[in-house]
Amino acid sequence: MIRDITLGQYYPAQSFVHRLDPRVKITAAVLYIIELFIVNDFPGFAVCAGVLAAVVGISRVPPGFIMRGLKPILIILIFTFCLNIFMIDGRVLYHIGPLRVTDNGLYTAVFMSIRLILLIIGTSLLTLTTTPISLTDGIERLLSPLNKVGVATHEIAMMMSIALRFIPTLMEETDKIIKAQQARGADFESGNIFARAKSLIPILVPLFVSAFRIAQDLAMAMEARCYRGGAGRTRMNGMKMGRADALCLAGMFLFLGVIIGMRIMF
Amino acid sequence: MSIQVRNLSYIYNEGLTSETVALDNINFDIYDGEVAGIIGHTGSGKSTLLQQLNGLLKPRGGTIIVGGTDITRPGISMRDVRRRVGLVFQYPEYQLFEETVALDVAFGPKNLGLREDEVDERVHDALELVGLDYDEVAGRSPFELSGGQKRRVAIAGVIAMKPQVLILDEPTAGLDPGSHDEIMAMIRKVHESQQNIILFVSHNMEDVAALSDKVMVMDRGKLITVGTPKEVFRQRDRLAAIALDVPPVTEMMFQLKERGIDVDTGALTLREAEESIYDYLRGSKAK
Numbered sequence: 001m002i003r004d005i006t007l008g009q010y011y012p013a014q015s016f017v018h019r020l021d022p023r024v025k026i027t028a029a030v031l032y033i034i035e036l037f038i039v040n041d042f043p044g045f046a047v048c049a050g051v052l053a054a055v056v057g058i059s060r061v062p063p064g065f066i067m068r069g070l071k072p073i074l075i076i077l078i079f080t081f082c083l084n085i086f087m088i089d090g091r092v093l094y095h096i097g098p099l100r101v102t103d104n105g106l107y108t109a110v111f112m113s114i115r116l117i118l119l120i121i122g123t124s125l126l127t128l129t130t131t132p133i134s135l136t137d138g139i140e141r142l143l144s145p146l147n148k149v150g151v152a153t154h155e156i157a158m159m160m161s162i163a164l165r166f167i168p169t170l171m172e173e174t175d176k177i178i179k180a181q182q183a184r185g186a187d188f189e190s191g192n193i194f195a196r197a198k199s200l201i202p203i204l205v206p207l208f209v210s211a212f213r214i215a216q217d218l219a220m221a222m223e224a225r226c227y228r229g230g231a232g233r234t235r236m237n238g239m240k241m242g243r244a245d246a247l248c249l250a251g252m253f254l255f256l257g258v259i260i261g262m263r264i265m266f
Numbered sequence: 001m002s003i004q005v006r007n008l009s010y011i012y013n014e015g016l017t018s019e020t021v022a023l024d025n026i027n028f029d030i031y032d033g034e035v036a037g038i039i040g041h042t043g044s045g046k047s048t049l050l051q052q053l054n055g056l057l058k059p060r061g062g063t064i065i066v067g068g069t070d071i072t073r074p075g076i077s078m079r080d081v082r083r084r085v086g087l088v089f090q091y092p093e094y095q096l097f098e099e100t101v102a103l104d105v106a107f108g109p110k111n112l113g114l115r116e117d118e119v120d121e122r123v124h125d126a127l128e129l130v131g132l133d134y135d136e137v138a139g140r141s142p143f144e145l146s147g148g149q150k151r152r153v154a155i156a157g158v159i160a161m162k163p164q165v166l167i168l169d170e171p172t173a174g175l176d177p178g179s180h181d182e183i184m185a186m187i188r189k190v191h192e193s194q195q196n197i198i199l200f201v202s203h204n205m206e207d208v209a210a211l212s213d214k215v216m217v218m219d220r221g222k223l224i225t226v227g228t229p230k231e232v233f234r235q236r237d238r239l240a241a242i243a244l245d246v247p248p249v250t251e252m253m254f255q256l257k258e259r260g261i262d263v264d265t266g267a268l269t270l271r272e273a274e275e276s277i278y279d280y281l282r283g284s285k286a287k
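Quick mapping for you: the protein sequence lines, in order, are chains A and B.
Numbered according to full-length UniProt numbering, the first sequence terminates at residue 266, and the numbering increases by one at each position without gaps.
Numbered according to full-length UniProt numbering, the second sequence terminates at residue 287, and the numbering increases by one at each position without gaps.
Certain hints may be false.
Selected chain A positions facing chain B (Cβ under 7 Å, derived; list incomplete) [to be verified]:
no.: 1; residue: Arg184
no.: 2; residue: Pro206
no.: 3; residue: Ala215
When the alpha-carbon atoms are kept at most 25 Å apart in a straight line, the in silico PhoX-like pairs for lysine-lysine are as follows [as the list claims (entries may be wrong)]:
no.: 4; chain 1: A; residue 1: Lys176; chain 2: B; residue 2: Lys222
no.: 5; chain 1: A; residue 1: Lys179; chain 2: B; residue 2: Lys58
no.: 6; chain 1: B; residue 1: Lys222; chain 2: A; residue 2: Lys179
Calculated from the structure, these hints are not laboratory results.
Ideal Cβ positions, reconstructed from N, Cα and C, are used throughout, including at glycine.
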């Protein structure tokens, strides 16, 4: 079911990672992604995986929970793996009909798969340990320099939090509409691909109408409480960098240094 | 046509920490041509029960027999179940989607696989039955109608499937008093012309008392009382314990009685209350 997707979900727990400043966590995640793309050999991945495993351990998010989040990505993973393994030229290792597995292909396929898996686990760790609200707050603050060049950072962040907030609401709405149309004899399961696509119209039209209605109500409620955008707005809980945050940032930069060092030396 | 429900139970999120027993061993019978009102607080399992009767939810245990067919039996055709049992959800106007009113009402009958002329006839009849003028509304977009009209169109969409059992979940929720009365009158008219079984959920005890042959009271997944409106609303204190009211007229009679005025607390309508008070006044004068 749709509910099983853990990608982008928050896992509530008390841990060092959960308490970190969201800005630090976002920066760390970005650095981590950069590192994954600097790495060009397996020892580099071993270091990345080690650091990632340590962070997962500290975060107290059960590894099983993270693995379940990987499930929806499995198809993409298999797809890239197959594409790489069969499409790249090199010394032929094995034949399956017209398909050839080469040494370069195998190497690239494994290499890319590891990179993808590390990438997904690392980034999902960010959303697993950060509430959507502090995540958008963090993004707003990180983007705030762009305010000077005319980017409406507060509005972007607000749009993100509203979008996240309404995912469950719209899922519930979808569920209700599906049931109502089923009660009128709608059939979503049989027929060919065109019939099925057409059977979605009775769901999509009411869903759009509902989404606009909800948006309108929300806009009215926000205006009634004098919302006027980001200018002059203050926060109840300001973000403060602590010693732990500094420590984490230092650690991440050290990690970056190691990765770059490995790349240059080997 | 009748409905027999035996040992029906249902559990949400079984096996998870959020596991809740939504229906706990429900048993009841509804006979041909009866109107049954279901009352109960939010979360008492009313909506879950209605969805079971339409096959939208599968029970954990128990059987639901509609017109001699067990609709919980594996392999039963859902089209067949929905031809027998029509379900109108809360705020049904949010399910409208077609370009015109006529097309929207035709959605259900078309899904039943009826012939085109039969569909057209049913659409015409259903719209007239819910009190809309076919020639006036049929070609209009459902989205440009008023709230009360939209709801009628949505209800017509289910009536056009000619279900032998019509279920309505809070059919008057969110309507103004005028539209509320019109919808109640419409339900009565549909019942008279179709001679079907009607089950409806309502928080308006006056409506329940006025329309139902049978009142079912639900509390925390259990069906705690079934009886005629008189039998059920006589138990005012028991209903109050689960935060349910009796109709305003009945409440007045109870309060008169508490003040030592000997009137019939079983009065459900103004007419009955009037007669009882009249009798009391005449009796006290004679003394």
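Now the hints, each set against the structure:
1. Arg184: OK, holds: Arg184 (chain A) within 7 Å of chain B, min 4 Å.
2. Pro206: Where the cut-off is 7 Å and the nearest Cβ of chain B is about 5 Å from Pro206 (chain A), the hint holds.
3. Ala215: Constraint on Ala215 (chain A) not satisfied, violated at 15 Å.
4. A:Lys176 - B:Lys222: Within the cut-off at roughly 24 Å; holds.
5. A:Lys179 - B:Lys58: Distance of about 13 Å is within 25 Å: holds.
6. B:Lys222 - A:Lys179: 24 Å, holds
This entry does not satisfy hint 3, going by the numbered hints stated previously; all others are met.
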